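So you can see what is in the structure, the chains are spelled out below.
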Amino acid sequence: MLEVIVQRGTTEASRTDRFDVPARDSQTVLDVVTWIQQAVDPTLSYRFSCRVGMCGSCAMMINGVPRWTCRTHVSRVVQNGRLEIAPLRNLPVIKDLVTDMDPFFDKWVAAEARHHPTRGRLEDSDPITANSPDRAEADLGIECINCGICYAACDTVAGNPEYLGPAALQRAWTLLNDSRDANRSGILAAVSGKGGCHNCHSMGSCAQYCPNALNPMRAIAGLKRETVKAALRRKRDA
Amino acid sequence: MKQPPRSHPLWLAFVLHRLSGLTLALFLPAHFWLLSQAITAPARLDGFLTLAEHPLVKVAEFGLVFLLAVHMFGGLRLMALEFLPWSNRQKTLAAGAVGVALFLSGTFFLRAI
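In order, the protein sequences belong to chains A and B.
Count the first sequence with numbering that gives the first Met the number 0 and you get residues 0 to 237, in order.
Count the second sequence with numbering that gives the first Met the number 0 and you get residues 0 to 112, in order.
Misleading hints may appear alongside valid ones.
[To be verified] Just so you have them, the derived chain B footprint on chain A, three or more residues with Cβ under 8 Å:
hint: 1; stretch: 58-64
hint: 2; stretch: 79-88
hint: 3; stretch: 193-202
hint: 4; stretch: 219-232
[Claimed, not checked] Cβ pair distances, simulated, as ranges:
hint: 5; chain 1: A; residue 1: Arg120; chain 2: B; residue 2: Met78; range: 43 to 49 Å
hint: 6; chain 1: A; residue 1: Phe104; chain 2: B; residue 2: Leu101; range: 44 to 50 Å
hint: 7; chain 1: B; residue 1: Leu21; chain 2: A; residue 2: Ala22; range: 43 to 49 Å
hint: 8; chain 1: B; residue 1: Ser86; chain 2: A; residue 2: Arg120; range: 39 to 45 Å
hint: 9; chain 1: A; residue 1: Ser184; chain 2: B; residue 2: Phe82; range: 19 to 25 Å
hint: 10; chain 1: B; residue 1: Ser86; chain 2: A; residue 2: Glu142; range: 18 to 24 Å
hint: 11; chain 1: A; residue 1: Asp40; chain 2: B; residue 2: Leu83; range: 29 to 35 Å
hint: 12; chain 1: B; residue 1: Phe82; chain 2: A; residue 2: Gly158; range: 21 to 27 Å
hint: 13; chain 1: B; residue 1: Met78; chain 2: A; residue 2: Glu161; range: 22 to 28 Å
hint: 14; chain 1: A; residue 1: Glu161; chain 2: B; residue 2: Lys1; range: 21 to 27 Å
hint: 15; chain 1: B; residue 1: Lys1; chain 2: A; residue 2: Gly119; range: 49 to 55 Å
Simulated from the structure, these hints should not be mistaken for laboratory data.
Owing to the predicted nature of the structure, the values given are computational and were not obtained by experimental measurement.
Think of the CB as a built atom: it goes at the ideal place given N, C-alpha and C, for glycine as much as any other residue.
Input sequences plus hints: build the corresponding full structure.
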């Protein structure tokens with residue numbers, strides 16, 4: 000048997016419930032949550048979709064560590080037969096294990112972390128050179144699936160609600176290095192504002208906990224470099 | 000809610016950099032005040048310099064040199080991280096900063112005793 004402590008309720012009114020869940024071979028944390036909902040408490044709310052680490056919707060705090068529940072075997076994280084499951088840190092809770100991802104995605108938009116096309120929809124697409132240094136740098140970050148784990152792991156986000164966070168800044172960095180993006184100066188302006196890349200203290204928790212082994216800290220360091228270069232260039236040209 | 004474990008090297012490097020900076024900021028006013036005594040009250044300064052022979056003060060000086068060195072080399076690592084092309088060896092560089100700081104402060108301590 001596993002002793003499972005689940006955080007319930009909302010940000011304003013949270014409590015914990017204890018469940019005894021049968022231990023199984025090759026059991027994932029998502030299996031545990033699903034078992035609780037199907038066998039004990041159908042009111043338990045949680046979010047998942049693909050179950051194979053592709054969609055990024057099932058991330059939760061497991062014994063205090065942000066993880067994809069679908070790709071986390073209980074045997075790897077259980078401590079003395081006990082699992083503590085809570086919603087992702089640094090985000091408002093809608094109910095139980097479901098967080099409101101709006102602040103997370105609003106910050107993607109605020110960081111200009113969206114494609115600004117160089118060509119219209121009726122024109123041929125702009126070819127990219129796969130082995131150019133810029134493309135190689137962009138490729139390092141494009142496997143992000145927006146699961147929010149880096150955002151939950153980041154202490155700078157916890158201390159500064161305006162900080163755009165590792166995921167949004169990494170996406171902005173991939174676009175800055177993308178030859179098909181037409182708004183380089185817009186991205187640099189967006190990421191150098193009040194909540195921008197210069198808030199990062201390079202603690203590296205984003206890279207430490209990213210389940211896709213990406214390194215947002217590297218992307219943010221790149222943004223810091225490019226924003227400083229752009230500022231110096233502006234000063235020289237003024 | 001439980002916080003994520005921070006026992007990974009770069010988080011420890013971050014906190015060491017902050018704490019060393021804070022300690023040095025607290026130490027510097029006392030340091031400058033003591034130096035000013037050379038002009039305003041030389042006898043009092045001599046009294047403090049005699050105190051510096053005490054073994055506990057020598058250990059404290061070792062700590063101070065360590066903090067100064069680890070803050071300087073840790074700061075150089077951060078400046079390199081932000082202004083030079085990316086290096087994947089950040090953990091090694093952070094450990095190196097601590098190693099060099101220990102070497103310098105250890106050498107200082109051995110010469111002092």
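We went through each hint and held it up to the structure:
1. 58-64: holds (count 4)
2. 79-88: Satisfied; 3 residues make the cut.
3. 193-202: Holds, because 3 residues of the stretch 193-202 of chain A bring their Cβ atoms closer than 8 Å to Cβ atoms of chain B.
4. 219-232: holds (count 5)
5. Arg120/A to Met78/B: 43 to 49 Å: Since the Cβ atoms of Arg120/A and Met78/B sit about 44 Å apart, the hinted range of 43 to 49 Å holds.
6. Phe104/A to Leu101/B: 44 to 50 Å: Given about 45 Å between the Cβ atoms, the range holds.
7. Leu21/B to Ala22/A: 43 to 49 Å: holds (46 Å)
8. Ser86/B to Arg120/A: 39 to 45 Å: holds (41 Å)
9. Ser184/A to Phe82/B: 19 to 25 Å: Holds - the Cβ-Cβ distance for Ser184/A and Phe82/B, about 21 Å, lies within 19 to 25 Å.
10. Ser86/B to Glu142/A: 18 to 24 Å: Between Ser86/B and Glu142/A, where Cβ atoms are some 21 Å apart, the hint holds.
11. Asp40/A to Leu83/B: 29 to 35 Å: At roughly 54 Å between Cβ atoms, Leu83/B and Asp40/A fall outside 29 to 35 Å, so the hint is violated.
12. Phe82/B to Gly158/A: 21 to 27 Å: holds (24 Å)
13. Met78/B to Glu161/A: 22 to 28 Å: With Cβ atoms ~25 Å apart, the hint holds.
14. Glu161/A to Lys1/B: 21 to 27 Å: holds (25 Å)
15. Lys1/B to Gly119/A: 49 to 55 Å: 50 Å Cβ-Cβ, so the 49 to 55 Å window holds.
Going down the numbered hints, you'll see the structure goes against just number 11.
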